[in-house]
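Visitor: Letter by letter, the chains look like this.
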Amino acid sequence: MKAITTKVQPEPKKSPLRIWPTFLQQKYLYMMAIPFVLWAFVFNYLPLWGWTMAFQKYKPGKAFFEQKWVGLQYFRELFQDEQFFNALRNTLAMSLMGLLAGFIIPIIFAILLNEVRLQVLKRFVQTVSYLPHFVSWVVAAGIISKMLSTDNGAVNDLLLGLHLISEPIQFMAKGHLFWGIVTASDVWKETGWNTIIYLAAISGIGPELYEAARVDGASRLQQVRHITMPGIRTTIIILLIMSIGHLISIGFEKQFLLGNNLVRDYSQTLDLYALNYGLGMGRFSFGTAINIFNSVVSVILLFVANGIFKKITKESII
Amino acid sequence: MLSKKLAAAPWSDRIFDLVVYVAITVVTIATLYPFLNVLAISFNDSMDSIKGGITIFPRVFTFKNYETIFAYSGLMTGLKISILRTIIGTILGLISASMLAFTLSRVDFQARKFVSTFLALTMYVSGGLIPIYILIKNLHMMGTFGVYVLPTLVSAFNVFVIRSFIDGLPYALQESAKLDGANDFTIYWRIILPLTKPALATIALFLAVGQWNSWFDTYLYNGSKDELTTLQFELMKVIQSTTTNADNFRGRNMTEVMAQISPESVKMAITIVVTVPILVVYPFLQRYFVKGMTLGSVKS
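Taken in sequence, the protein lines are chains A and B.
Going left to right, the first sequence walks through residues 1 to 318 as the UniProt record's numbering numbers them.
Going left to right, the second sequence walks through residues 1 to 300 as the UniProt record's numbering numbers them.
For the record, the hints were derived by calculation from the structure and aren't laboratory data.
Be aware that a few hints might be false.
[Claimed, not checked] Straight-line Cα separation of at most 30 Å, DSS-like style, residue types lysine-lysine; simulated pairs:
1. K310/A - K291/B
2. K59/A - K137/B
3. K225/B - K62/A
4. K122/A - K197/B
5. K59/A - K225/B
6. K137/B - K68/A
[Said to hold, decoys possible] Under 10 Å between C-beta atoms, here's a sample of chain A residues computed to sit facing chain B:
7. W49
8. F109
9. S129
10. L199
11. E253
12. N291
[Claimed, not checked] Anything over 10 Å on all C-beta distances counts as not near chain B; from chain A, calculated:
13. G71
14. I104
15. E211
16. R233
17. V297
18. N306
19. K311
Virtual Cβ for every residue (Gly too), placed ideally from N, Cα, C.
Input sequences plus hints: build the corresponding full structure.
Guide: Now the structure itself:
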């Protein structure tokens, strides 16, 4: 899709006197935009106002001015809670592992797929690889726990068949395996999907480059190293910065669905912690404090990552 | 033909090819096998399945598992609500995203900068789980169907994807329509919408999959409303009930269902029912979403 922008649109005239006539003239445009501005205000900006809850002893049903203000009490409580640091550790561990695996593996897969010469096979593998992306995490979690189960789970059967283990491993009950399971599940579900963008970038590389390399006697591996890799470098960097921005906001969906009480010490993320304590126990103020902490760290990470990459590569997304 | 090419290649290239094909095969099997295995078990007699050893073909073929789960009322309600929220959510989402995208594509639109910034910020700021929950509660949206479509009505990302598509259309089309006396809404409805079809198809797929796969809003807001349950939520209950945190289980009739056939078969059959619609649709829409993904990611 080459966007040949034939912009012959009139430039807006900057004259304060014209605001009202222009408004009347563009009333349909306003009518199409204003409902959604109001919508965004209610569902995206009003919840930010809810952050004040973290500084109040919030009681549902009371008006804003009747709430009792407690300052930073809930943040102090948060930083004294052992579970909080546990959740922070799990969040960082799982997001770092996810970032690393979820970032490197799609690149490798895209390069491998690009080297498949049989177009029919390539298309088939690609179509298959998207499939898990389209099923919900509920379905994925069900399938994954079936595959990892001790009775007739495919993974245990395979390991037993290869005589790598002598008895089935209870994957879902071992806390220290949980981070790995979440990361592997994520790779299984999203690799194919994340490959799309790299494959598009690779197909944008001029075929004459490969031709020239072949004439010079470069092997296939050398072509990958010296043409494909540099060709997708920009895409890699932009996607890396974007994923670092989301580093800490990994959510709780996978952890909620794959986790259980036996692995709780390893499965509780910050969001899950906010869900369990904030909603589960009705501690709204405390839960909001967790939300705020989470957001602040996300924003800091985004700016730090962007700053570093700006210095190194002169590319930036903000 | 392929073998001839391979024979002519130097040995390092032949090893390279071997690595590529082995890796691709492993990935394909690892992706596909779990689905085929689940499918086979869902069609296999549940008592026989317990013995194990089912791979990708059922051993004792039966429809019993499906008959049992469809006899459970929660599943039919879930199916109905899931279909309804997918259709309504997708249509509303498409209309609102394309409408906003159209206004933002118009350079002469007075409030363009404000609306665009206001919308872009929503991608970076979020109040978080609890403030949103309180908001929904205060709006008296708990236990309503609206909670499925309203809070996620507009996604800034979708708006920007459609806008960059509209930007690629020649403005002269709008101008000539204006000369013919069309107002901005007519231009949107009669000219922009039909021309934006490829972008709309991509966004429609994203919206539909999102709606169909969503379960957390049901869990959070409508968990006690049996008449507003969704398929994903029903599956979630069944899966959670048979793992270790049985305390989360809130279903009523499911225990009766469980008594008739093994829970494993129930899980697998529901999993297939929840997955099939997507399985049927996505290969056909592949060319659209590949295009849309690339367009959206590069532009943003």
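Visitor: Which of the numbered hints are not met once you compare them with the structure shown?
Guide: none
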